[in-house]
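Peer 1: Both chains are sitting in their own frames, so use the hints and assemble them into the complex.
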Amino acid sequence: MKTLLAEQNEILHSHSTVNDFSIEVATVNGSGSQSSNTVLMRSLFHMGIPVSGKNLFPSNISGLPTWFTIRLNEKGYLAFKTKKEFLVAMNPQTAIEDVKGLIKDGVCISPAELNLKAIRSDVIHYEIPFNDLVAKVTDNFKLKKLVINMIYVGVVSEILGIDETEIEKSIKAQFEGKAKAIELNLKAVQIGSSYAKEKLTKIDPYKVKRMNKTHDKIIIDGNSACALGAMFAGVSVVTWYPITPSTSVCESLIDYLKEYRMTDDNKATFSVIQAEDELAAIGMAIGAGFGGCRSMTSTSGPGISLMAEFIGFAYFTEIPVVIFDIQRVGPSTGMPTRTSQGDILSAYYLSHGDTKHICVIPASVEECYSLTIEAFDLAEQFQTPVFVLSDLDLGMNNWMSDAFKYPSKPLNRGKVLDKEQLDKLGQFMRYKDVDGDGIPYRTLPGTNHSLAGYFVRGSGHTEAATYTEKPQDYVNLMERLNKKLETAKAKFLPKPEINLNKEAKIGIIGYGSTDFAIKETIDALKENKVNTSYLRIRSLPLNSDVGDFVAKYDKVYVIEQNRDSQMLRIIASEFPKIAHKLTSIRHFDGLPVDALNIYNQIIANCK
Amino acid sequence: MASTTNTVNTNKLGLTLNDYKGSPSTMCDGCGHDAISSQIIKAYYDLGIEPHTVVKLSGIGCSSKTPAYFLGKAHAINAVHGRMPSVATGVNTANKYLRLIGVSGDGDSASIGLGQLCHLIRRNVPMVYIVENNGVYGLTKGQFSATADLGSKLKNGVINDLPAIDICGLALELGCGFVARSFAGDPKQLSVLIKAAMSYKGLAILDVISPCVTFNNHEGSTKSYKKAKESEIPLHELGFVPYFEQITVDYEPGSTVDVEMHDGSHLRLKKLDRNYDPFSRQNALNTVLSAKEKGEFLTGLLYLDESHKDFTTIMNTVDKPLSALTEAELRPSPDVLESIMAGLK
Numbered sequence: 000m001k002t003l004l005a006e007q008n009e010i011l012h013s014h015s016t017v018n019d020f021s022i023e024v025a026t027v028n029g030s031g032s033q034s035s036n037t038v039l040m041r042s043l044f045h046m047g048i049p050v051s052g053k054n055l056f057p058s059n060i061s062g063l064p065t066w067f068t069i070r071l072n073e074k075g076y077l078a079f080k081t082k083k084e085f086l087v088a089m090n091p092q093t094a095i096e097d098v099k100g101l102i103k104d105g106v107c108i109s110p111a112e113l114n115l116k117a118i119r120s121d122v123i124h125y126e127i128p129f130n131d132l133v134a135k136v137t138d139n140f141k142l143k144k145l146v147i148n149m150i151y152v153g154v155v156s157e158i159l160g161i162d163e164t165e166i167e168k169s170i171k172a173q174f175e176g177k178a179k180a181i182e183l184n185l186k187a188v189q190i191g192s193s194y195a196k197e198k199l200t201k202i203d204p205y206k207v208k209r210m211n212k213t214h215d216k217i218i219i220d221g222n223s224a225c226a227l228g229a230m231f232a233g234v235s236v237v238t239w240y241p242i243t244p245s246t247s248v249c250e251s252l253i254d255y256l257k258e259y260r261m262t263d264d265n266k267a268t269f270s271v272i273q274a275e276d277e278l279a280a281i282g283m284a285i286g287a288g289f290g291g292c293r294s295m296t297s298t299s300g301p302g303i304s305l306m307a308e309f310i311g312f313a314y315f316t317e318i319p320v321v322i323f324d325i326q327r328v329g330p331s332t333g334m335p336t337r338t339s340q341g342d343i344l345s346a347y348y349l350s351h352g353d354t355k356h357i358c359v360i361p362a363s364v365e366e367c368y369s370l371t372i373e374a375f376d377l378a379e380q381f382q383t384p385v386f387v388l389s390d391l392d393l394g395m396n397n398w399m400s401d402a403f404k405y406p407s408k409p410l411n412r413g414k415v416l417d418k419e420q421l422d423k424l425g426q427f428m429r430y431k432d433v434d435g436d437g438i439p440y441r442t443l444p445g446t447n448h449s450l451a452g453y454f455v456r457g458s459g460h461t462e463a464a465t466y467t468e469k470p471q472d473y474v475n476l477m478e479r480l481n482k483k484l485e486t487a488k489a490k491f492l493p494k495p496e497i498n499l500n501k502e503a504k505i506g507i508i509g510y511g512s513t514d515f516a517i518k519e520t521i522d523a524l525k526e527n528k529v530n531t532s533y534l535r536i537r538s539l540p541l542n543s544d545v546g547d548f549v550a551k552y553d554k555v556y557v558i559e560q561n562r563d564s565q566m567l568r569i570i571a572s573e574f575p576k577i578a579h580k581l582t583s584i585r586h587f588d589g590l591p592v593d594a595l596n597i598y599n600q601i602i603a604n605c606k
Numbered sequence: 000m001a002s003t004t005n006t007v008n009t010n011k012l013g014l015t016l017n018d019y020k021g022s023p024s025t026m027c028d029g030c031g032h033d034a035i036s037s038q039i040i041k042a043y044y045d046l047g048i049e050p051h052t053v054v055k056l057s058g059i060g061c062s063s064k065t066p067a068y069f070l071g072k073a074h075a076i077n078a079v080h081g082r083m084p085s086v087a088t089g090v091n092t093a094n095k096y097l098r099l100i101g102v103s104g105d106g107d108s109a110s111i112g113l114g115q116l117c118h119l120i121r122r123n124v125p126m127v128y129i130v131e132n133n134g135v136y137g138l139t140k141g142q143f144s145a146t147a148d149l150g151s152k153l154k155n156g157v158i159n160d161l162p163a164i165d166i167c168g169l170a171l172e173l174g175c176g177f178v179a180r181s182f183a184g185d186p187k188q189l190s191v192l193i194k195a196a197m198s199y200k201g202l203a204i205l206d207v208i209s210p211c212v213t214f215n216n217h218e219g220s221t222k223s224y225k226k227a228k229e230s231e232i233p234l235h236e237l238g239f240v241p242y243f244e245q246i247t248v249d250y251e252p253g254s255t256v257d258v259e260m261h262d263g264s265h266l267r268l269k270k271l272d273r274n275y276d277p278f279s280r281q282n283a284l285n286t287v288l289s290a291k292e293k294g295e296f297l298t299g300l301l302y303l304d305e306s307h308k309d310f311t312t313i314m315n316t317v318d319k320p321l322s323a324l325t326e327a328e329l330r331p332s333p334d335v336l337e338s339i340m341a342g343l344k
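Chains as they are written, first to last, in numbering that gives the first Met the number 0: chain E, 0 to 606; chain H, 0 to 344.
Hint data in this document are derived by calculation from the structure and do not stem from the laboratory.
As the structure is a computational prediction, the values presented were derived from the model and not from experiment.
There's no promise every hint is true.
Here chain E is said to cover these stretches of chain H; the calculated rule only asks that three of the stretch's residues, wherever they fall, bring their Cβ under 8 Å from a Cβ of chain E [what the hints assert, rightly or not]: (1) 48-54; (2) 84-97; (3) 310-318.
In silico DSS-like pairs for lysine-lysine, Cα to Cα no more than 25 Å straight-line [said to hold, decoys possible]: (4) E:Lys504 - E:Lys554; (5) H:Lys308 - E:Lys257; (6) E:Lys469 - H:Lys140; (7) E:Lys494 - E:Lys576; (8) E:Lys469 - H:Lys72; (9) E:Lys206 - E:Lys99.
Covered stretches of chain H, as calculated for chain E (at least 3 residues, CB under 8 Å) [as the list claims (entries may be wrong)]: (10) 71-78; (11) 111-119; (12) 324-334.
All C-beta atoms in this analysis are idealised placements derived from N, C-alpha and C, irrespective of residue type, glycine included.
Next comes chain H alone, as it looks inside the complex (with noise of 0.2 Å):
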């Protein structure tokens, strides 16, 4: 009825944010995860991007169950523990068309998959990557994972002596294009950045500190809310507008820079009290190492790159999706067997 659609807020392709919601959440509640969750179901949304065009990826871990809980329209893949960074690149591989987002885990990137992860990289497999980052293996009622912080306390007063694995300072020494890191808790920015992630053509990966309320949200954790809250330094305060919109809002010269994005959106990145440059890879993990070592929480994006050769790119198929060959394109014909085997007496 026409009265009731008017009242509903609809998207540009007139989808509801209804449409973009997956089954409820099994999640403890307060968790980061369905905050992430949240905020990605949003950037669909407010992006225009249809259901059936995205494929969700994971691999195994409390974060790796949250695709059910978006999209629930999409195709998906829970695949093993650690391996979803090759799924995900078979995917692409068999329809470079589709959008991908992979959401993991610390323990699911940086321990068992840390190995597919850096080739991930290095292939720079077009997809948007989360890790959603609490520190400590969630389903498992709690164990250290390799992102907890040298120092930070277990619930049982266990303290954890080895040193963390910082995603996005490997992912920028490994070359990845698009390295951001963001807080659960901070909805403004990880939205933002959730849609210059899927903005950008390339692997774009964002590590979420994501407390985990059951397991490392109390005192002497590095990664509850509250330390997080606390210790929080936006390195910029960022702005979206999707390629389809009227750039209406002017910024100030000099205190804003305007990046358009490959599919023709804008980020849009205000300076704060730091003047930080994110084209630079340097400065970037200097500023990452630097951050380590003061104890310092940086958000933000840290590094962008947009002329980075994506995986379709170097991979050189035909415009079609692989996967939608005919038997024609896909079988030569008898007489290239012919001339095969004649080569072959």
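For reference, chain E alone in the conformation it holds in the complex (with noise of 0.2 Å):
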């Protein structure tokens, strides 16, 4: 028989364990977990180990299974990863099914009773007494079932070697201002790891060390980045209908301007109106944007198809707005807790008739808040809705992300003009093309002029903005529409990011959130000893980059997380020459893309 120490040597050689694993953390929703979660997450961050955590929920408040998984990781990759070295199994429901998910030689720490010994016995098991502990806590029961988490906080710090006064730190934290609270959960905390440290013998090799990695980061989700790009974006008029996965955008985004946009004398600069519907919230954002401000609605993939008639009306009659959508699986309500990038060709296209609409799609936290930025100055310089293409994965969850910058540029507002201009040009032509570059000039209602006025109308429109259904101002109206939208590509949209190799034959191409896991796979292909290059899309319509980056490879792979290949076919269509060579690497579950899957397809395709 092997020993103790024998075995754990064979383990800690076949693994890295310090800094590199996934903690999951099995519970019910509405427990109070995500308190506990958000406490160990934090307190590896503030370790210095770059950290990621994801909450996976069912479309449920309470009882259903849930999930959180933190992976920690000493190079910063910080994507989803399906292999799970430490189990923390607090859900009888699901607990066996938990177990078996572990990878051999994993990590389970469970209740006692649940008896998990008898699924798995080639995974360390450290059975805790939980419901004599959390007793020792509290005697109410209320209290019991929240401060349960907090005893696996302890439990778990003492196993992985999780700095005491971190934990405190972040308790303090996290329930800032309660001090009864602070001192309940502290006792939590604090009997599970007296207990780990009296009762249990560690066998398992996985371990945390402190690191100087998250110096000066951050730590948000992608939807408050999102809230906090429109505020400096200096958005005045909100105009929202909840639905997951977006809600938290404008919730965040309302705590953001009660606190930094009232005035001394208490008034806002800004309206958020929560609107019966997200017919309404479109419209609500289209009569703000034509009155001049910066509008913004949020949503996800069943509001985006309700909003798609307001949206071909706002393309037509040019005004701007900025729709932020938050993809979930569809179609019809899919899997509204689970993340997608299944709106690309909708969104692109959206409404009847020949649309077609600028889209800025964030690849992290920091793209969120940046490119929402741009978003503001896009809508209102092409006087066109813009989309703001995020998804769950990225706006539900927490990551880690270099401090925000403040804004180099003054906002853009694009071409109005005011009763002076007017006075001095003595002419005005809402549809006109005066500058070449298919952007027209509008002006402001309530203009002191009598130029000022015109009509807006989703029907067929002359250049003065009258009614008409002749042939050719019809043809005009269309190719100066798109005219428009070939300026902002070929000067003013978000540039694709590339990574070039020079040694690299293949091509990949991604967008969005599954860039962490595409890095984390280029990666792992060239110690593979395949060389690859990498384009990231990060606006619609595509610029010629992209076409030139496909040109140079042999085989480019497009990843992305829908069924249908949906960005692939608007490349393929866009430089129809260079179609032959894409290939569609997909991944549309519903959870995040994993590196180990992609780089599993790219290495089957290249054989």
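Peer 2: Shown next, in the form of structure tokens:
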């Protein structure tokens, strides 16, 4: 028989077990585990270790299974990882499946009564008498349900070696201003860690070690980052209808605006309206855009479908508005709490007739912030709806990032004529391409000038904004609208991010939140002597950089999280000559994509 | 030239009636909507409202085309079908000083747009909202709308077997503070009601029966000119004195009620046969319901309540219009970002 030590050594050699593993906590939603998981994640972050936290939750308020995964990675890879090394199995409903999902020699912390040893004998079990321990914290039944989750925080931190002072700091931050809650939670952690210290013998190899890789970093979710972007873009009208997973864009924004955009006499420099539905939300945002405000709405797939008619109206009548689409799994209700990149085609071409919209596609929380600011500039510069295409994984999960930078450019309010300019010009035609860039001039309602008024109509209109059904008027208008987008993509839209590898024969194209997994894949491929170049699309319509990139390589993989290879179709339709080089790598089960998944698909395809 | 300008009538701004007109109407000859447009033009002229302070809004349908036929110098937005209320809410939010007028129809307001109308009422967005109500879809050639009365007959003999949605009843139920019904064929009353609506701070709903001469003006229609003229029962005789005019004509106390509107104008309601009290919502609701049961066409100011908080008051925004805020007012300073970032570390 092997000694315990020998066994331990073997495991140590087969994995990197310091600062490189995933912790999965399985609980039921509504049990208050979110606080415990946040405390764990923040403590690791404050120990200088790169972390990401993902909440996999049901479309439900209370009582259904939920999983929180913390990935620690010293190299800074933050993507979702299917492989789980460390499990806290608090939910009896899912415990059997959960423990089955662990890697061999993984670690399982569970309530003793679940007897998970019987399920997997090839993982290390630490069985904890959670019920007895929580009884020492409180005898209040309701509180027990909540603080039981802090007991596992204590157990996990003792087993992994998380710094006690960081746990304490994180608890104080989590329950800021609630002295009783802080006391109770600290007590629970302490009872958990004491139990582990006294009763458990550590036989697993997983450890955390202080690093210095999170200095000056922040942790934020993508939706809050979008909200910050909107505030610093100077948004003044926010209209919305709650829908998962976009709700927290507006809820965060409301908090920020109330704190930072009230005047000294307590008046708002903004309006937030919770609309009766998405149809009204976009209608209000369009009304405010016409009125001269930076306006926005935020929604997800079903809302995008409902907004289709109005977005076509705003495109055709040239009214600026910013629409956030935090994508979730469709079609129909789909899986509201699962992530997807399934709205690329529908958002890009939303509405009947010939329509095409500017879309910006953030791939990180930093870009949720900075591309949101750009979206508001683009909307007013080009007088058209602009989409911010984020997704649930980016929007609702916590990501580590460099601190956001203050915008370097002033607001671009676009071509708006005021009274003095109208006086000087002596004429005004709302839809005339005066400058040859396809972008006309507009006036705001209320402008005190007899030339200022014009009639916005979703029906055929002339350069002077009068009604027309003349064939040539219509063609001219449609061509000009197209020219406007040509101007945008040639010079003004966010350019793709390109990382060239001189040795590469293979190209990879991605966009949005898959960026994390793609970068990890590219490094893994490189270790395996497969060199690749990478282009990340950051906006639609695509500019020539994308076509030029594809032309350089024998084969280009387009990685996306939808069934129908939506971005590949857009690339193929805009650059038909190179379309044959494109191969689709898809992952669309609702979970964020794992680097291993992309890696395996590419390797299989290379053979 | 002085000699000619003297002969042209002008309002208090020195503008002529022509300054308030729009492009020529494309409605059918004799359409009730044109009669309403004329009264709108006259009301703006009489009240001396500057056209650039007005935004005209509409949805889709015959009625929704009409904003092109008045106040050609004002901004306008002809939105998608039934969704003008949300656009109006947005425009009001952008600039609370703009004077909004919405023109809609019975299809636009009572069918596809019913939801948005309800929420416009609930929010009490300050605007004049006119429903040009003819009981049919004109632009698609004569299908019943949701305000068509039970038993009303189409040109092809089809009888409407569904009950009508009553715009005024709905507005009262939802708490609208200015609810009136009028008739395109009663210009005198309509003129006063439009002016009163323009002077009201809040949402003013005017349900105006406006016969469709092409598709719903025949025998058997309950919304024809003939039927409306025969059955109209005014609740009171109305008079209006704008805030800038001296009140010279005395009225008999007891027989006339004088209401000072928000802007200082006076609305006068002279009692007719019925002793109608327009300040009781309960009474207004009862009146509308019983009129419906008896098949009476009651016109006039059904309900007025000046105490309602309007949407702009609720939104509590700065004195400037939001659309006029500068970058310095809209974008918080670098130290705000810095302190937010520090909190996320």
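Peer 1: Does the alpha-carbon distance linking lysine 494 of chain E and lysine 576 of chain E stay inside the 25 Å limit?
Peer 2: Since the Cα atoms of lysine 494 of chain E and lysine 576 of chain E sit roughly 21 Å apart, the hinted pair holds (cutoff 25 Å).
Peer 1: Quick check: do three or more residues in the region 84-97 of chain H have a beta carbon closer than 8 Å to a beta carbon of chain E?
Peer 2: holds (count 13)
Peer 1: Has the region 310-318 of chain H got at least three residues whose CB is nearer than 8 Å to a CB belonging to chain E?
Peer 2: Satisfied; 5 residues make the cut.
Peer 1: Counting residues of the region 324-334 of chain H whose CB is closer than 8 Å to a CB in chain E, do you get three or more?
Peer 2: holds (count 7)
Peer 1: For the region 111-119 of chain H, do at least 3 residues have a Cβ located nearer than 8 Å to some Cβ of chain E?
Peer 2: Our answer is that it holds, as 4 residues pass the Cβ test (under 8 Å) against chain E, meeting three.
Peer 1: Holds or violated: lysine 206 of chain E with lysine 99 of chain E, Cα cutoff 25 Å?
Peer 2: holds, 22 Å
Peer 1: Lysine 308 of chain H and lysine 257 of chain E: Cα distance at most 25 Å?
Peer 2: holds, 22 Å
Peer 1: If you count the residues of the region 71-78 of chain H with a beta-carbon closer than 8 Å to a beta-carbon of chain E, do you get 3 or more?
Peer 2: holds (count 8)
Peer 1: With the threshold set at 25 Å, check whether the alpha-carbon distance from lysine 469 of chain E to lysine 72 of chain H stays at or below it.
Peer 2: holds, 24 Å
Peer 1: Given the hinted pair lysine 504 of chain E and lysine 554 of chain E, is their alpha-carbon gap at most 25 Å?
Peer 2: Satisfied, since the Cα-Cα distance of roughly 7 Å is no more than 25 Å.
Peer 1: Is lysine 469 of chain E close enough to lysine 140 of chain H, meaning Cα to Cα at most 25 Å?
Peer 2: Given pair lysine 469 of chain E, lysine 140 of chain H holds - Cα atoms ~23 Å apart, limit 25 Å.
Peer 1: Confirm or reject the coverage of the region 48-54 of chain H by chain E under the rule of 3 or more residues with a beta carbon closer than 8 Å to the chain's beta carbons.
Peer 2: holds (count 5)
Checked against the numbered hints above, the structure breaks none of them.
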